Amino acid sequence: MGLAQSQILISNEEYLLMERNASFKSEFFHGQVYAMAGGSIAHNGISGNIFAAIHTHLKNKDCRPFNSDQRIKISIWPSFLYPDVSVVCGKPEVSDKDNISNPVIIVEVLSESTEEYDRVLKYGQYRQIPSLKEYILVSSKEKKITKFERADKTDCWIESVYDLNNNIPLNLESINLTLPLEAIYYNIELDAHLSIR
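3 is the number of the first residue of the sequence shown in our numbering; add one for each residue after it.
Hints are computed from structural coordinates only; laboratory data are not their basis.
Please read all numbers here as calculations on a predicted model, not as lab measurements.
Treat each hint with caution, since some may be false.
[As the list claims (entries may be wrong)] Below are the DSBU-like pairs computed for lysine-lysine, each with C-alpha atoms no more than 35 Å apart in a straight line:
#1 K63 / K143
#2 K63 / K93
#3 K155 / K93
[To be verified] Cβ-Cβ distance ranges computed for the label pairs, FRET-style:
#4 E184 / N46: 30 to 36 Å
#5 I160 / N62: 38 to 44 Å
#6 F26 / A153: 23 to 29 Å
Quick reminder that beta carbons are idealized off the backbone N, C-alpha and C, glycines included.
Based on the provided sequences and hints, a complete structural model is requested.
Here it is in structure tokens:
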């Protein structure tokens with residue numbers, strides 16, 4: 003995420019009109035528009051690996067994954083966000099033609115510039131989605147994943163960490179899929195190993 007494009011507050015209708023005609027993606031909450039930056043090679047590779055694994059697993063099932071072009075609407079605010087990967091089970095609840103409001107899983111791949119935004123601001127927004135069961139944060143600097151899982155239908159969330167120290171695969175319970183860290187980070191050169199030349 004970048005800085006707010008304008009200090010002027012706009013309505014969600016104005017945002018949607020602007021977004022549909024824009025040549026780049028922006029997120030929206032609390033009346034402000036936030037330009038999105040492109041991801042690193044590691045970021046895009048990790049989200050691609052996760053999407054591919056989920057897509058393969060869900061063939062012929064009643065759930066489907068979406069990539070980072072799918073906008074999610076959080077109705078309570080309203081906010082509009084683009085997660086890296088999301089999963090909907092059953093029929094997608096669509097509003098305004100192209101916004102989905104009922105994901106069960108949301109995945110964000112962290113980068114240096116978005117980590118705090120994804121961990122704090124987006125997490126606070128996503129928690130308001132009644133259907134959401136699992137929120138996954140995946141590091142692009144080290145092999146480490148944090149999963150927040152909703153406890154039943156409450157607003158209590160259980161945090162689990164997966165890394166090379168515990169070597170436990172990521173378990174996406176809501177779609178009955180277990181992903182080893184090796185699959186998530188397959189063929190990825192982590193951002194921490196890259197240097198600026």
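Here's how the hints hold up against the structure:
Taken as a hint, the K63 and K143 pair is honoured in the structure, with Cα atoms around 33 Å apart against an allowance of 35 Å. A threshold of 35 Å between alpha carbons decides the hint, and for K63 with K93 the separation of about 12 Å falls inside it, so the pair holds. Between the alpha carbons of K155 and K93 the distance comes to roughly 20 Å, so the proposed pair stays at or under 35 Å and holds. The hinted range of 30 to 36 Å is not satisfied by E184 and N46, whose Cβ atoms lie roughly 18 Å apart.
Distance hint for I160 and N62: a CB-CB separation of about 30 Å, inconsistent with the stated range 38 to 44 Å. A hinted range of 23 to 29 Å is violated for the C-beta pair F26 and A153, which are about 38 Å apart.
Consistency with the previously given hints fails for numbers 4, 5 and 6, ordered from lowest to highest.
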